[in-house]
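A.B. asks: Given the coordinates of chain A, assemble chain B onto it according to the supplied hints.
Protein chains: 2
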Amino acid sequence: MTKNIDFYFDFISPYTYLGHKRIQNEGNGINFIYKPILLGGLHKLWNITPQAYIEPKKKFMISDCEMVSKKFKIDFKFNSNFPINTIKLMRGCLILDEDQLKKYINLVFEDYWKNDKDLTNTDVLSKILNKIEINLDEFFKKIESNEVKEKLKKLTNDAFKKNIFGAPTYVVNDKNFWGQDRFEYAIEEFKSIF
Amino acid sequence: MTKNIDFYFDFISPYTYLGHKRIQNEGNGINFIYKPILLGGLHKLWNITPQAYIEPKKKFMISDCEMVSKKFKIDFKFNSNFPINTIKLMRGCLILDEDQLKKYINLVFEDYWKNDKDLTNTDVLSKILNKIEINLDEFFKKIESNEVKEKLKKLTNDAFKKNIFGAPTYVVNDKNFWGQDRFEYAIEEFKSIF
Numbered sequence: 001m002t003k004n005i006d007f008y009f010d011f012i013s014p015y016t017y018l019g020h021k022r023i024q025n026e027g028n029g030i031n032f033i034y035k036p037i038l039l040g041g042l043h044k045l046w047n048i049t050p051q052a053y054i055e056p057k058k059k060f061m062i063s064d065c066e067m068v069s070k071k072f073k074i075d076f077k078f079n080s081n082f083p084i085n086t087i088k089l090m091r092g093c094l095i096l097d098e099d100q101l102k103k104y105i106n107l108v109f110e111d112y113w114k115n116d117k118d119l120t121n122t123d124v125l126s127k128i129l130n131k132i133e134i135n136l137d138e139f140f141k142k143i144e145s146n147e148v149k150e151k152l153k154k155l156t157n158d159a160f161k162k163n164i165f166g167a168p169t170y171v172v173n174d175k176n177f178w179g180q181d182r183f184e185y186a187i188e189e190f191k192s193i194f
Numbered sequence: 001m002t003k004n005i006d007f008y009f010d011f012i013s014p015y016t017y018l019g020h021k022r023i024q025n026e027g028n029g030i031n032f033i034y035k036p037i038l039l040g041g042l043h044k045l046w047n048i049t050p051q052a053y054i055e056p057k058k059k060f061m062i063s064d065c066e067m068v069s070k071k072f073k074i075d076f077k078f079n080s081n082f083p084i085n086t087i088k089l090m091r092g093c094l095i096l097d098e099d100q101l102k103k104y105i106n107l108v109f110e111d112y113w114k115n116d117k118d119l120t121n122t123d124v125l126s127k128i129l130n131k132i133e134i135n136l137d138e139f140f141k142k143i144e145s146n147e148v149k150e151k152l153k154k155l156t157n158d159a160f161k162k163n164i165f166g167a168p169t170y171v172v173n174d175k176n177f178w179g180q181d182r183f184e185y186a187i188e189e190f191k192s193i194f
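Residue numbers (my numbering), protein chains in the order written: chain A, 1 to 194; chain B, 1 to 194.
This is chain A alone, in the form it adopts within the complex:
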């Protein structure tokens, strides 16, 4: 039993951005451990078609995210470049120190789901990396190492083994809570235990 809530995330997911912002706004006093995964890889492991590939669900998701973000007073704009391949961005989470990582996660999330930036553009990424004092070349060299590639695969596989199938997923004491809609339930579970 550990005194924290695990937060499984991938930048690709707008609901996960909302979940991330709700942690920042409402998660006071609880330690959230951010767990990077590749959502596309996880969906493949489960043979799940992502919501974004089912036309009416994608359409609903856009208006739904706008609705939810308004309710929780979160700045949000559905990204014009959606979906993108986030594998490099997710690998980036594995090469940073704790302080850099925290900033990087927030900057990437905000550029993608608040500032409508194209994160496949290296200029955009470069600006983020400058803010955490890491060089673009160094970043790309590190994320292309086999060790980092294998680590992201392993983290995604670990999530799969824990019956996680979507993002965001909150895990409290081995109990999975899927979706930003279940944030309150995860908090309640946490408070009932600790």
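None of these hints come from the bench; they were simulated from the model.
Some hints here could point you the wrong way.
Given that identical chains are not distinguished, each listed pair holds provided it fits within a single copy or across any two copies.
Calculated pairs, SDA-like style, for lysine to any residue (alpha carbon to alpha carbon, straight line, at most 25 Å) [stated by the list, open to error]:
(1) K114 / G40
(2) K77 / V124
(3) K58 / E26
(4) K59 / G179
(5) K77 / E189
(6) K141 / G27
(7) K57 / N173
C.D. replies: For chain B alone, coordinates are given in the frame of chain A:
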């Protein structure tokens, strides 16, 4: 613009049962129009794999429904006979008068999602029909008519044309709200208009 909320439902869906109970408990003063659809048919039209056929999602759904039902103080038991083919039960919605229909919907929902009954068993169905004073043979004869069969197909197709892809879906003023989680949002939309 009509002064009501449409509620698209199929007895097969546990979340729709929860949505139905929340209408009964919290829907005071708003007129909900119940719209029968065949969810399996709707999923086929969209080429959507139902949550119940994706093992980890089904597993999550069971614990999630229990969690949500507790939060909203709704008696709930995940049915031992899930899933079943609800086509006959849904056709039944199309042959009853208004008073019978209201009782029938609630009785079927409760037997399936509260009383853990096997609704493919004609004895179980018979007891429900007795309560609304309709004879089992008459019921079966009526639901097997081509007119009724075509009507359920048409209603499901109409939902498809309105971009509805799941249940429950609340529709307020042509805006779709998917999932019992969006009940409050539908109510807010309704109140902002009327």
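A.B. asks: Could you run down the list of hints and mark each one as holding or not?
C.D. replies: Verification of the supplied hints:
1. For a Cα distance limit of 25 Å, the shortest separation of K114 from G40 inside one copy, 22 Å, qualifies, whereas the shortest one across copies, 37 Å, does not.
2. In this homomeric assembly, K77 and V124 come within 25 Å of each other (Cα to Cα) only inside a single copy, at 17 Å, whereas the closest approach across copies is 51 Å.
3. Proximity of K58 to E26 under the C-alpha cut-off of 25 Å is found in neither arrangement, the shortest distances being 27 Å within a copy and 29 Å between copies.
4. Taking the shortest alpha-carbon separations for K59 and G179, both the intra-copy value of 18 Å and the inter-copy value of 15 Å come in at or below 25 Å.
5. Only between protomers do K77 and E189 lie at most 25 Å apart by alpha-carbon distance; the minimum there is 21 Å, versus 31 Å within a single protomer.
6. For the homomeric pair K141 and G27, neither the shortest alpha-carbon distance inside one copy (35 Å) nor that between copies (58 Å) is at most 25 Å.
7. When the C-alpha separation of K57 and N173 is checked against a cutoff of 25 Å, the pair qualifies only between copies, where the shortest distance is 19 Å, while the shortest distance within a copy is 31 Å.
This entry does not satisfy hints 3 and 6, going by the numbered hints stated previously.
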